[in-house]
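Participant: Sequence:
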Amino acid sequence: MHYSSLQQAVDDLEKHGHLIRIKEEVDPNLQMSSIHLRVHEMGGPALLYENVKGSPFMAVSNLFGTLERSRFMFRKTLPIVDALVKIKIDPISAIKKPINLLKLIPGALTALPMKSSFSPVKFGTTTIDQLPQIIHWPKDGGAFVTLPQVYTEDIDFPGVTKSNLGMYRIQLSGNEYLQNKEIGLHYQLHRGIGVHQSKSDAKNKPLKVSIFIGGPPSHSFAAVMPLPEGLSELNFAGALGGRRFRYSYDENQNLISNDADFVITGEVMPGAVKPEGPFGDHLGYYSLKHLFPLMKVNKVYHKRNALWAFTVVGRPPQEDTAFGQLIHEITGPVVPNSIPGLHDVHAVDAAGVHPLLLAVGSERYTPYINERKPQEILTIANHILGFGQMSLAKYLFIVAKEDNPSINIHHIKDYFIHVFERIDWKRDLHFQTNTSIDTLDYSGESLNSGSKVVIAAAGNVIRKLITQTPSHINLPVGFKNIQLPMPGVISITADSFINYEKASKEMGELNDALCNQELGEIALIVVCDNSDFCAQSINNFVWTTFTKSNPSHDIYGVNSFTHFKHWGCKGPLIIDARKKPFHAPDLILDNATEKKVDALFSKGHSLHGLA
469 MHYSSLQQAV DDLEKHGHLI RIKEEVDPNL QMSSIHLRVH EMGGPALLYE NVKGSPFMAV
529 SNLFGTLERS RFMFRKTLPI VDALVKIKID PISAIKKPIN LLKLIPGALT ALPMKSSFSP
589 VKFGTTTIDQ LPQIIHWPKD GGAFVTLPQV YTEDIDFPGV TKSNLGMYRI QLSGNEYLQN
649 KEIGLHYQLH RGIGVHQSKS DAKNKPLKVS IFIGGPPSHS FAAVMPLPEG LSELNFAGAL
709 GGRRFRYSYD ENQNLISNDA DFVITGEVMP GAVKPEGPFG DHLGYYSLKH LFPLMKVNKV
769 YHKRNALWAF TVVGRPPQED TAFGQLIHEI TGPVVPNSIP GLHDVHAVDA AGVHPLLLAV
829 GSERYTPYIN ERKPQEILTI ANHILGFGQM SLAKYLFIVA KEDNPSINIH HIKDYFIHVF
889 ERIDWKRDLH FQTNTSIDTL DYSGESLNSG SKVVIAAAGN VIRKLITQTP SHINLPVGFK
949 NIQLPMPGVI SITADSFINY EKASKEMGEL NDALCNQELG EIALIVVCDN SDFCAQSINN
1009 FVWTTFTKSN PSHDIYGVNS FTHFKHWGCK GPLIIDARKK PFHAPDLILD NATEKKVDAL
1069 FSKGHSLHGL A
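In the numbering used here, the protein residues as written are 469 to 1079.
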């Protein structure tokens, strides 16, 4: 199915049983997000909110809530996109089979953006306060757009060819914004839009920004797609949607996506910033209030019967998980092809994507005289940490494919078992300290500041892993409740974290208590606020251990040492994963809102039968 609008997609999903309508009035302040979270968690359908309190517009969410639904929407074009990606990876093989190239010509043509005077989105204009003012979490700083397509052009090369279409969150209200005149943009300067802003700032000229909401689902997907340099998101949107991206310009020379449901146009003036946030984010806690670029609003266009598309961000898995799964299906071969010796890499969604990477590489060329050990995979690890968004990772685990050719980076528990059976903590830890991390990651003591560690495992099995909760371990005062999240790992509840000076003393006391005990089958000890929670599931283990810890500050070890500036330990590794005073608050639902939402699932209401 080739959709020319979001409405066509909604109709198609409804026809095939992938969407339900919510007819009752729903409050955009917490209630809509609560409904979305519940339905997504149960693997439910897309949701059409027919009556949004305070807004004349209907809204839709959970469009991409399952991988199956995303595949369904793009069922006609995914094979073409897959083939185009393969051609980019291996153009020579494509040339050898010209008949295959001929089959792709229609898909290649739809990738070309098309300027058009017919612009349904210019049916009417409205104001920011008339848009659905969706507040997702109780401590959010205002209403946010969570499925925006943010368009900018290069001031040195105007036009669609060098443009950028990205998904950066937009704050519509709250804080110090002048209602209907100003909104906030949250992005990092190294992103495509940031490059455009820097160039405009250098010329002391405003950056024109257009924000599209809705339109064919391929447009939203293109905005989150990590495309290689030189490949336009507009091209990808056309190829994936089977329909050329149609655009025009308004009287202020802002680009308009003609097929969008809404377009917010405006400008970012050089140096213009205001506080943005807080916002409940994908790491499972709030990103806090910080200065980010300020956009002056010119116009807000909308089409007839426009639909407001949104998603809800929170601790994974959420709807953006399905985005990630489809992205991996499409681009899976691209990254390994770009890094010699790399077979696969996985940004673990349960950890919030950026904090944790799992990779598989090869030890191909190094002659092993006495022992197998990580060598080439360390070089590959450096490549990974310099590649696009993967540079934001804090923990990178990498293993040698030769040790287990069938290892699968998406089978997280099995992958960790493979690592923990082989890892030599005396040798296999490699830190980068005082470096930059994700802006949304608050595990460091200041914004964008933290550390990274590469954990590389290659060679034979060196330990058998414990598979039952140990009863023989004696803990010092302040530590209790040993649990087993997975083989080879124990979690321990500790007193609340006060500061790093006290934590160092506490970890020293833990080391003194453990250093002469039998720990040979334990590879990792996780010190946390709630060891029961950590051990409940592999997702809880991953989120507790890697999301909130800062490798340089929070990694300790039993019988640790430093030798020629290399740090290691002779016993198990210890990660202090307790919540720190400077960490952002966790995301907690509002009880009053939850009780109101309960009624929508009762008999006689729109969501009855889903629970």
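Everything labelled a hint here was simulated from the structure, so no lab data went into it.
A few of these clues could be false.
Claimed, not checked - Restraint-style ranges between C-beta atoms, simulated for each label pair:
no. : residue 1 : residue 2 : range
1   : E1062     : N984      : 47 to 53 Å
2   : L535      : Y717      : 34 to 40 Å
3   : E536      : N984      : 51 to 57 Å
To be verified - Keeping only pairs whose Cα atoms sit at most 20 Å apart, straight-line, the calculated SDA-like set for lysine to any residue is:
no. : residue 1 : residue 2
4   : K970      : Q1004
5   : K841      : T799
6   : K491      : D1066
7   : K1033     : Q900
8   : K1038     : E870
9   : K671      : D624
10  : K630      : F591
We treat Cβ as the ideally placed atom computed from N, Cα and C, and that holds for glycine.
Participant: Does Q900 sit within 20 Å of K1033, going by the straight-line distance between their CA atoms?
Facilitator: Given that 20 Å is the threshold and the Cα spacing comes to 12 Å, the pair holds.
Participant: When you check the alpha-carbon spacing of K671 and D624, does it fall within 20 Å?
Facilitator: 10 Å, holds
Participant: Taking the Cβ atom of E1062 and the Cβ atom of N984, is their distance within the range 47 to 53 Å?
Facilitator: 50 Å, holds
Participant: Verify the CB-CB distance for E536 and N984 against the hinted window 51 to 57 Å.
Facilitator: Because 53 Å falls inside the window, the suggested range holds.
Participant: So does L535 sit 34 to 40 Å from Y717, Cβ to Cβ?
Facilitator: 37 Å, holds
Participant: Does K491 pair with D1066 here, judged by a C-alpha cut-off of 20 Å?
Facilitator: Between K491 and D1066 the Cα gap is close to 15 Å, so the pair holds against 20 Å.
Participant: Taking 20 Å as the top limit, are the C-alpha atoms of K970 and Q1004 close enough?
Facilitator: 28 Å, violated
Participant: Given the hint that K841 pairs with T799, test it: the Cα-Cα distance must not exceed 20 Å.
Facilitator: Roughly 30 Å separates the two Cα atoms, so the pair is violated.
Participant: Please work out if K1038 and E870 have their alpha carbons no farther apart than 20 Å.
Facilitator: Measuring from Cα to Cα gives roughly 26 Å; hence the hint is violated.
Participant: Is it true that the CA of K630 sits at most 20 Å from the CA of F591?
Facilitator: The hint is violated at about 28 Å.
Hint violations for this structure: numbers 4, 5, 8 and 10, all remaining hints satisfied.
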